[in-house]
Structures are given as C-alpha cells and as structure tokens.
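Asker: The primary structure of each chain is shown beneath.
Protein chains: 2
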Amino acid sequence: MRVLAQSAVSQTTIPEEKLKEFCNAVWMKLGVPEKDARVTTDVLVLADLRGVDSHGVARLPRYYADLKNGWTKPTDQSKIVRETKAVAMIDGGQSLGQVVGRKGMELAIRKAKETAVGIVSVRNSHHYGIAGYYSLMALEHDLIGVSMTNAAPLVVPTFGRTAILGTNPISLTAPALHEKSFVLDMATSVVPRGKLEVYDRLKKTMPLGWAVDTTGRGTSDPHTVLDALSKRLGGGILPLGGEGEEHSGHKGYGLALMVDVLCGVLSGSATGLGVDVDKAKPNVGHFFMAIDPGAFRALEDFKRDMDRLARELKDSPKAQGQNRIYIHGEKSFAKMEKYRREGIPLAAPVVESMKKVGGEIGVPWPV
Amino acid sequence: MRVLAQSAVSQTTIPEEKLKEFCNAVWMKLGVPEKDARVTTDVLVLADLRGVDSHGVARLPRYYADLKNGWTKPTDQSKIVRETKAVAMIDGGQSLGQVVGRKGMELAIRKAKETAVGIVSVRNSHHYGIAGYYSLMALEHDLIGVSMTNAAPLVVPTFGRTAILGTNPISLTAPALHEKSFVLDMATSVVPRGKLEVYDRLKKTMPLGWAVDTTGRGTSDPHTVLDALSKRLGGGILPLGGEGEEHSGHKGYGLALMVDVLCGVLSGSATGLGVDVDKAKPNVGHFFMAIDPGAFRALEDFKRDMDRLARELKDSPKAQGQNRIYIHGEKSFAKMEKYRREGIPLAAPVVESMKKVGGEIGVPWPV
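Chains A and B, in that order, give the protein sequences.
If you read the first sequence in our numbering, its first letter stands for residue 30, the second for the next number, and so on.
If you read the second sequence in our numbering, its first letter stands for residue 30, the second for the next number, and so on.
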C-alpha cells in the first residue's frame, strides 16, 4: 500500500540531519529547550526512517499548532508523583508527549536495572509519536522494552457503531545476538487511519473488514468513513480481526481495551471517548515497562535463543508466491539503513505543510 | 459456533461438584496428592464453566495418558531456581502444568504485593490449561493479572506454510468496582483448532482466512488442514488478522511471537517447533505477572474508572442487527453462573472418553 501511496504523489528526498535541523529549529522558535527539541525531533524522524510515515514529520504541523495555542507546554512540566522501587507514576503536565515519554521509559529502564523489572505509568500527556521509539530504548541496555499508549477514539468495539477506543498501539522489543532485535510495534486496529486516507486519495474501494459505517455495518468506501469520523457521526475503523466475531474482531477489541486499561485507567488519564479529544486537555496516558532478561537466565543464552527462534521462522518453507518470512522490525531496520544512506522520502503535501510552518515562524526549509 | 457444535452432538449435564470429584479421583489414582489433584481439576473445570470446552475436561484423557506414561510427574517436582525481590524463575520439573502454573502465579502475586509488580517465568512445564485461570487469581487480591504460555506448533507465520508457533494465548485481568472484572483470555491465532474440528465434524466449509493448506494458500476445507497438521505435512491455522498482510495477519503473528519470547525464550524453555512436541519432554514455558494498581493511584479510583470505561463501551450505540456490546469475560461470567446453577454440559464423546479412563483405573463415572 505504501508503494501505491508513494507512486500517487511526488516525493522529495531529504537527508536525515537536514530534516532534524529544521524540526529542531521549529520547536526552539516555539520556546522548547534544545535538549527537548532534539528528543521530539528524534521520535518523529525515527518514524519516517522506519517507514511509519503517518507518525513522522507529517505530524509536525499538528504539534506546532498545539504548542502555538498553548495546549502543549513548551518546557517540560512533568513530575514523578508516586514512586516505589519498581514502579512510578509521572504526571506529564501537558508537556510534549515525546519528552514525557522518553523520561518515563528512562525511569522504567533505570528501575529494571536495579530490580529486574520497572513499570512507569504516565498521565496527562500528549500524543507521543510511535510507540516503538520508547521500547527501542530498552535494547540499548539489553532489556526487553514495552511501550503502549491510548489515543483519540477511532476504533469501533465489536457489535458497536461508534468509535470509542483509539488505535492503541502495543510495542515490545527484545534483544537478539546476531539477528536483528525483535521489534513489535503495532496498532491494535486492523489498519491505521492513514491507510483509509490513502485509498480515499486514490478514489479506490478498500477491502471489507477494515471499517464500518455509521450503522455499524462493514463498508468498502473510505471517504464516507473518514467524513463521518471527522464529523463524529459514528462508524470508524475496526479492531484487528475485523467485523463481528467470525475472524475474532473481539480479540483486537480486547487488545485495544487492554491498552486503555494499562494506559488510561492505571494512570488516571482520560480513557475511551475522552482521550485526546479536547485539544486543550488531551490527557493521554502511556505505559512503559522494562524487563531484564539477565535476571532470569544468562543474557547471552537469552539472545542466542532469540536468534534461534528467528532463524527457525525465517528458514521455514515459504507460502506459494512468497520468498521471505520476516521477523517484526526487520523491514523497518532495512528502511532505516536505506533512508540514512539515501535520504528520507517525503510526500509533496508533507513538504508543503512543513514549508508553511517554517514560513510562519521564520525557519527556512533546508532543501 | 458453539451453538452449532452443541446442536450436532448429544449432551449430558453434570453438576460441578460431581465432575470435580471424578477428576480428583482420577488424578489421585495416578499418584497425584489431593491438594495438587484439586488444583488440576479446578483449572480444567473452570474452562468448562467459562465455556472454553476445548480446554476443559475434554483434555482429561490426554493428561491421564501423560501421567500414566510417566511423561508428567504426579508429585510436584518444581523449584524456584532464581529469585530477586520482583522476579523469579521456576523450573517445572515436568510436573503438572496446572500445579506449576498456580505456584508461579501465587509467587507473582506475592511479589506484586511487596514491590508493586511481580514477574515469574516458568520453564520445563506442561500444558497448563486456560491462561485465564492464573490471571483470574490476581483479581482476588485486587491486582492486575497477566498469564501467557507457549504451546505446540499450530500457527503458520505470515508468508509461511508450516506451523511454527503455538496458539500462544494472552490473558490479562483487571478488577472493576460494580461491573464485572475485565478478563481478556485469547489465543493469538484467528481461531482455535477446536473450531476447525467442529466444522470438520459437521462437514462444513469454513471461512477463508482461518487456515492455510500445505502450499501456504488459504483454504476453506477444515479436514485437509487438520489431516495435514496431524501428519506434520505443513499448513495450519492463521494468526489473528488472517492470511498475508491485507488484514494485518502479521500483527497476530507478532503477538504469537511475542508470547514465545516472553514464555519460551525468557525462561529457556522450548520455543517454536520444539514446544510440547516430544511427549516425554514437552518443556512448555509460561509467563506470569501481577501489577498492583494501588501502587499507582487509589485502588478505589482505579476500579471506578474501570466501571466508567466498561459502561462507556456497553452503553454506546449498537451496530445494526446487534443489541449488546460485551466487555471481555462477561459472557464467561454469565456461563459460569448458569452452569453452576444448572450443571455443566458435556458433549457425548467427552463423556465417553472420561468413562473409558474411569473404567481403566476403577473410578466410576458419577452420573
């Protein structure tokens, strides 16, 4: 689908460093300290590098508007409000989600190093970008990393016809030895909204099982779904597993709800319909966990077994017409290498929106 | 589907206590101490009570055979081999999975009460029944409970054509105030093998997206899939999300792999193709975690927000043709009440297989 999307719009390729400089300059013009600007940029650009362009710099204009309107605090207002040896609760103070998120994961990692497991719950935060950024941080310390967040309502529960839950992603990483690390980073919806937008732009019908209309029935018309969602008329994206129970849509719904329990309810943030809906008070909740495999068995053995399991899957016979089986994260690592070498491809509308922001606050587009 | 299955075979209804007495007597005849017999029985009968009949007493003959053949040790051989304040590793010593599992979850609960979170990793265990039994234990202590296990290979990775991973279930529970607790207990495959068996018995074609044949292509013929699986010729059940990537089958595959990382790799048990394949050395791995919500915020507030979120989902508008939205676990709690009142329905072949076992070792079938 990404190929389709890319072939439909013209692209610019920009070196990672240039793109980062531009983003950093935008944040700093808005009063974000350099250190925090760099974190915010890193999260966004990592999404583009890993091919998750829906969560990359395409979102810069939204974060920009939130900062400009005072909905996001430019300086870090977050603080630890409760703490034990193994867990902590952070109030994000409506600061940048990326800054709060990084702080939360750093704390979870510190705790895991001391007590084998650390959990940090975050309330009153903002959209934090890709969940995988934070879980990837754990790999640098040879830890298992977990990152989840709730998000604005887009997903319809099984047998419902109104979006109540977010695309509530789950990310888990685990270090390997010679193989690439395992990096699961998935929305619990069957597809992201961006996929419907691609089909809409191309005026294509989408497969049944991705979304329902305002009556709660499956539809293949992306335009009607997106239009109704934006006007809050009902309908929305389906959870992983699709419509009803035949293909276990209730499981994807259960995973989305699990994420809201761990992110929203555990932290006392907004949940369900309340998440990230009031622009001035998004009150998003996150969940971060780090686990030290070395506390359970020799780290080297753990990593060797990660390799063995990855090879067992990758070396197994391929389905007719397929020539490769992937481990999660592998495609994104390949994209990162390519984009770091050749530059990051950005669709023309993304570049235009960035130029517009730059023009407004006097940060020139670098290419 | 369950209705379909039940209408096709005749049933006996048996009171919970009578069924439990029979099972206990069987285990004890095989040398299992009474305390452990009760645990094993409780796990099996809870599955029947909650409507997960594939994991209920229908499995008694298999556990019986494993004990009789010496593949499962009748007395508990498990021991804690590594322990820190928050985590522990248990070697199951090839004891009954239910006995080891209960011990693991009890330890995780104890740790969560002391340090807010507890994780127990278990290696060298057996099939432990429904994952939900263990996560439900946490609710009695107002904790969030997590239970996962790897399992014998039945699930084909995206783009593959051989079953490498198990149906690897994820269960998470969280306590509510007046509403029923949230009890997610799901295989990460799109359907369990039992569902294919039901379609096969009824000689019905199944929906595309449930399984692939030995070439890795989608098929609607349950018989061929089951036959090839039993002969290890290839093919198998698809992960949640179905075939390929169109409906995000790679996400279900990722969840199944995540479970094997946390259960198999973390514990140093068998993983992938090696799990529960050698009857004499099943070497199954489990993962148990308990989290104390009271360490993050007032427990009462947590539970009240659980209620609010549940009501928000349940009270939201229904899809055309539907009149109810469920929270996970709700249907099973209703079944439990009904079956405790009216007796547990067992299909005739299940009763026959139990009678056969009873006849072999001199335990009369009670009804």
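Be aware that a few hints might be false.
Under the rule of at most 27 angstroms between Cα atoms (straight-line distance), these lysine-lysine pairs were calculated in the DSSO-like manner [what the hints assert, rightly or not]:
# : chain 1 : residue 1 : chain 2 : residue 2
1 : B       : 142       : A       : 343
2 : B       : 343       : A       : 260
3 : B       : 142       : A       : 114
Computed beta-carbon distance windows for the label pairs [what the hints assert, rightly or not]:
# : chain 1 : residue 1 : chain 2 : residue 2 : range
4 : B       : 308       : A       : 336       : 34 to 40 angstroms
5 : A       : 41        : B       : 275       : 26 to 32 angstroms
6 : B       : 308       : A       : 143       : 24 to 30 angstroms
Quick caveat, the hints were computed from the structure, so don't treat them as lab data.
Computed from a predicted structure; not experimentally measured.
Each residue gets a CB set at the ideal place from its N, CA and C atoms; glycine is no exception.
Asker: Determine for every hint whether it applies to the structure shown.
Answerer: We went through each hint and held it up to the structure:
A hinted pair counts as satisfied when its Cα atoms are at most 27 angstroms apart, and residue 142 of chain B with residue 343 of chain A does not qualify at roughly 41 angstroms. Proposed proximity of residue 343 of chain B and residue 260 of chain A is supported: the alpha carbons are some 22 angstroms apart, at most 27 angstroms. About 13 angstroms separates the Cα atoms of residue 142 of chain B and residue 114 of chain A, which keeps this hinted pair within 27 angstroms; it holds. Taking the beta carbon of each, residue 308 of chain B and residue 336 of chain A are about 27 angstroms apart, not inside 34 to 40 angstroms as hinted.
Taken as a hint, the range 26 to 32 angstroms holds for the pair residue 41 of chain A and residue 275 of chain B, whose Cβ atoms sit roughly 29 angstroms apart. Range check, residue 308 of chain B to residue 143 of chain A: Cβ separation about 42 angstroms, and the 24 to 30 angstroms hint is violated.
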